[in-house]
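Student: Each chain is listed here by its residues.
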Amino acid sequence: MSTEVKPGIFLRPLGMEPPSDRELLCIFGTGDLGRSLGQRLLQTGYRVVYGSRRPHSCGPLPPGAQVLSHTEAAQLASLIFICVHREHYDFLETLAPQLKGKVFVDLSNNQKKDMYPDTNAEYLQRLVPGALVVKGLNTLSAWVLLNGPLAGKQVFLCGDSVEAKQVVRELATRLGLSVLDRGSLSAAREVEDFPLQLFPYWRLPLCIATGLTAFFFFYLLIRDVIYAYVEQDKDISFRIIASLANKVFPIVSLIMLSLCYLPGVMAAILQLYRGTKYSRFPDWLDRWMLCRKQLGLLALALAFLHVLYTFIIPIRYAVRHKLISTVVDEMKDNKSTLFYFDNTEAWATDSFFVLGIMGFFLYFLLGLTSLPSVGGSLSWREFTFVQSKLGHLTLIVCTAHGYIYGWNKFLKPSTYKWWTPPGYMLCLVMPSVVLVLKLLMVLPCVDRSLGRIRQGWERTGPEEGRASLRATTL
Amino acid sequence: MSTEVKPGIFLRPLGMEPPSDRELLCIFGTGDLGRSLGQRLLQTGYRVVYGSRRPHSCGPLPPGAQVLSHTEAAQLASLIFICVHREHYDFLETLAPQLKGKVFVDLSNNQKKDMYPDTNAEYLQRLVPGALVVKGLNTLSAWVLLNGPLAGKQVFLCGDSVEAKQVVRELATRLGLSVLDRGSLSAAREVEDFPLQLFPYWRLPLCIATGLTAFFFFYLLIRDVIYAYVEQDKDISFRIIASLANKVFPIVSLIMLSLCYLPGVMAAILQLYRGTKYSRFPDWLDRWMLCRKQLGLLALALAFLHVLYTFIIPIRYAVRHKLISTVVDEMKDNKSTLFYFDNTEAWATDSFFVLGIMGFFLYFLLGLTSLPSVGGSLSWREFTFVQSKLGHLTLIVCTAHGYIYGWNKFLKPSTYKWWTPPGYMLCLVMPSVVLVLKLLMVLPCVDRSLGRIRQGWERTGPEEGRASLRATTL
Amino acid sequence: MSTEVKPGIFLRPLGMEPPSDRELLCIFGTGDLGRSLGQRLLQTGYRVVYGSRRPHSCGPLPPGAQVLSHTEAAQLASLIFICVHREHYDFLETLAPQLKGKVFVDLSNNQKKDMYPDTNAEYLQRLVPGALVVKGLNTLSAWVLLNGPLAGKQVFLCGDSVEAKQVVRELATRLGLSVLDRGSLSAAREVEDFPLQLFPYWRLPLCIATGLTAFFFFYLLIRDVIYAYVEQDKDISFRIIASLANKVFPIVSLIMLSLCYLPGVMAAILQLYRGTKYSRFPDWLDRWMLCRKQLGLLALALAFLHVLYTFIIPIRYAVRHKLISTVVDEMKDNKSTLFYFDNTEAWATDSFFVLGIMGFFLYFLLGLTSLPSVGGSLSWREFTFVQSKLGHLTLIVCTAHGYIYGWNKFLKPSTYKWWTPPGYMLCLVMPSVVLVLKLLMVLPCVDRSLGRIRQGWERTGPEEGRASLRATTL
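Chains as they are written, first to last, in the working numbering: chain A, 1 to 474; chain B, 1 to 474; chain C, 1 to 474.
Keep in mind that the hints were calculated from the coordinates and are not lab data.
Certain hints may be false.
[Stated by the list, open to error] In silico contact screen, one side only, chain A against chain B (beta carbon under 8 angstroms); selected entries:
no., residue
1, GLY45
2, ALA242
3, ALA267
4, ILE315
5, ALA318
6, LEU378
7, TRP380
8, THR384
[Said to hold, decoys possible] Not everything, but these chain A residues come out facing chain C in the computed CB check (under 8 angstroms):
no., residue
9, SER186
10, ILE222
11, ARG223
12, ASP224
13, ASP283
14, PHE311
15, PRO314
16, LEU323
17, SER325
18, ASP329
19, ASP350
20, PHE361
21, SER379
All C-beta atoms, glycine included, are put in the ideal place defined by N, C-alpha and C.
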């Protein structure tokens, strides 16, 4: 390869080929996808011929493209894009002899997962055994082909013929796409399922968030609203809509943030206990670690809602009513000494707010770095710094925010209505545990052992030699 | 191609070429652009020679580059970058014989659109008919070449020689750029205009936003401030600066959000009415659909402003003054029963705020997915889910936010000052219409017809056969 | 090259090669990095063989990969990835004869900068003089190789053999990576340091921000808290935690925003003074201009904190206490006339808030465009428009926000406690200077000279001819 490149630059055979001799590509199917694809190919400098059952009545096609019958079109080109629904593949069977040796790029998608026992691409290959079927580019929609920038967009390819894939890869690269080869045609299921994915990594975190939210909502509903109704005969049901939510969201957010950092600590403990990094983690831990980013982003979303809820506090009717009542009551009873300025209270509430602001700010920075374009521009060390150092700092600040909230309440008996602890206490358990464990991990002695294990060292076992072997590998 | 690749990997002729034999590229012009380009090329492993009129006095050039006269430099390389202003192209005419067969990469840009009757590239081609002119890379500024990461940056190419373009494409790929071929040299106008674009898709949405904002501002100015002055002889002109804006922004935001979803519904109605998806939409509808993203982002910006304005309400002088006056007046008159706690009011205002917060939160999520790097990492189904399901949910929540605002006002005669409806009523018309139409579209019977039409089915017309033909295409 | 491409598309030699004949690549090292790399290569369609000291006990490897001894594995492939810690390179010395002519891709990273006198890659080259060492891909972590999308990710390469680099480049391109060649092996230091970078461009701006924050914190601490304690014997220490911060953050933010725009103005003045754009700027100015983005983002972060602090004002204990005290005192003394509605005050405070909101909104837009994916999608003219026009507008609005804050205070003697000016006055100096200078720069006569200089014109000096020469270059 290397020797062929430079002559190209020196352009030896330059100008020998007339400009009209551009590659001709064939598209079967004159629907939205076929038309958009054709237009993009024409723009990129290819010639395009459409194969159609009725070449004379197939509606508007991009200017510059020819339309012929399927057989005629197929004969002119060696590469054919299949932009036809799977239900209508059968016409290809009759053309099979003429299609031998042609590269078929199957762009089709199904409406749902597992609509058919086999994949579209394998079905196509069975219909036309002589064709070189490449499944791919199916993540491109007609809309994107027509309007969007394709630069850097990732597409998948799979197929049994290495050359056919190479041809399609080059074509895709010319369109500005970034191609990922997923292997042989047996990977077609995966490639066809890709455009049908619906947030697969978000499911587990969403379930956790929903479950925790529901639990704490009902817990606080009982403790606050129902307790007040039963024991004090007061109707404070209006609190359900805003006040309760503003308690539930920060609680769930803090728990979920600590759940982001728990698996890392657990993995470290497991490695220390096993004395090696070469044993696989249990499956549940692996799955947990893979969805930490989504857990963190959901926690951030809840923290964001908490912030919005907090900012509207002073304009809420109930809050303003209480403020006015306080003043009026005080004036009536003429007990102006009651409301003297408490310096400790001022320090405590201001610290509470400031820790909340700082926590949210750090949270927000963490969220920013999880944007693909921001995270991608960080070096490995920067990314680790942000996710580990900044992440744990966020957890510390948010946990302190929680602790200060209850600093002077946790000893009062009135806090434990119906003998239950308040919500903020429950939510502090998990982050406290994570922080204590993390603190143990960064103790010099533990940290050193862990460092050695992660460098590949193994605790002496029966097979002493393995330790030295591993130590050689990154 | 495919057979040439593998030998490369197996490196047969390896080590036969001395490292000094790197490609030599020529740059005409020693300005900022020329120098930055040269430095980047040297970094990427090329050798660079500058062509200059006065090779001995042309200022600092990147270390490692040679400087020669134009003629000498041109003879050494087969590819020449033209980094010279169009006004000074004329010297090339005299060199034309020596430049025959060379690839010219024209990077020049003009200061304004349509400064010259023909494009720079075509002018260059006319001056040196024997050269293979490629217009392109002109979206790269000197600054980006010197400092920025080029990885994935999209550049355009056009030119009449396929080989020349291929050479430039490979060079650009080596610089990490993502290349899009725009066809022959006649596309040079488009390529040259690209760096001069100034938010072309934002113009229409900005006009709509400005128009609506101006209309509602004056409408509310008359209804609120001028009405109070004329009828009640009160000077509340201070409201112009903050209160009015906080009414106008949410109104315009909601209308613009509904304008994002109106064209989709209209297109569906058109398709149902025509019974086919193969007729083109009217031009205005096409243009409208192309700027939906910008409409939505402007609506989000206005919603963001609305949120900021709302949060400062309690610290505004007028608001605090009113709060204090309320208490003082009440105490004076000793009518403490007046201000009793109204549970319904608490529910209504809290619901109003909560819907607002939720609406803004959903809005924000929609905005996030329109970031290129976030949207690009979504699968087609995820993107559709977010833009359609989440988008309509946002519209529903925001519209409900508007309805609750006026739930107990719309029947009072005092609401209709000077017989005009208040602003929030006007702004609810459009979203309500869109939501009702959308509701009709998702009725099972309508949804099924629409689904079939979008699969390619056509209502039976004189030409029965076309329906089946279309049905075969994606 | 160009002629070889098209035959590929026409697939002349198609199907002649059996699919099993895929390239075989060798990986030395079975650690995390080696295993992840192997898995990714297998997915992309390569065959993989591991070289290991103890091929029979090296733990779980990706399915489909072979494991052999180092010597055997090396003989099968011509390209070897070195995924071993530098400390364990020595075994390669003994294999040197068998490794002659092989391409070595050194992916190793060190834990710290400058741990060794020479780079890993050069050390490797010295150990195995016959190998073609290519340093690169070392910015990829095991995690990214296993999970992340590689598409568009930038990797660096350097090495002395052009062919070896070409081979690695193609391989990396096939993995979807975007490759940047950094030149010969002597650039290995730079390439190896890259993953160890920790926000190099952020250091100076962070120092400036920290210094300014500390200065203004102590300045205001003395003026506000200590002054009140000494002169008025009041303990307002609670203000340290929230009120002081809410004064310091906007002050530092505004100064840093003006520091973003100062170097641009200074560069313009320098160019005007020198009458040419071809002299280099002093080093400190160059460094300053390179970190403007980071300066601006830190300023935005501080502005964001200021906004959060402002929104919690009304729920702070001290603020609510003061509000209630005001009412109670007023009622006690029965001087209700004191608190009459001041229309000017309403206008002034509302304008103050609105300018703040608008400033923050513009700030936020500026920050958005500095996201790599947003900025990358703007044309050069759009980017310039946003950074220059919008940036200066932001500075104007924020400066006006500061001026209105003190509009009726700057003449009162009580403002100058202990003869020191208040913080907001100090912070207005820098932005005012920048704005005045910028205003001078856009005066028609100055703007025209500057425009000509930036086009390449030079003020007539002894060497008249140079001017015309420069004028020809972009």
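Student: All hints, please: hold or fail.
Tutor: Taking the hints in turn, this is what the structure says about them:
no.	hint	verdict
1	GLY45	5 angstroms, holds
2	ALA242	4 angstroms, holds
3	ALA267	26 angstroms, violated
4	ILE315	5 angstroms, holds
5	ALA318	5 angstroms, holds
6	LEU378	12 angstroms, violated
7	TRP380	16 angstroms, violated
8	THR384	20 angstroms, violated
9	SER186	12 angstroms, violated
10	ILE222	26 angstroms, violated
11	ARG223	23 angstroms, violated
12	ASP224	19 angstroms, violated
13	ASP283	14 angstroms, violated
14	PHE311	5 angstroms, holds
15	PRO314	4 angstroms, holds
16	LEU323	7 angstroms, holds
17	SER325	11 angstroms, violated
18	ASP329	11 angstroms, violated
19	ASP350	4 angstroms, holds
20	PHE361	6 angstroms, holds
21	SER379	5 angstroms, holds
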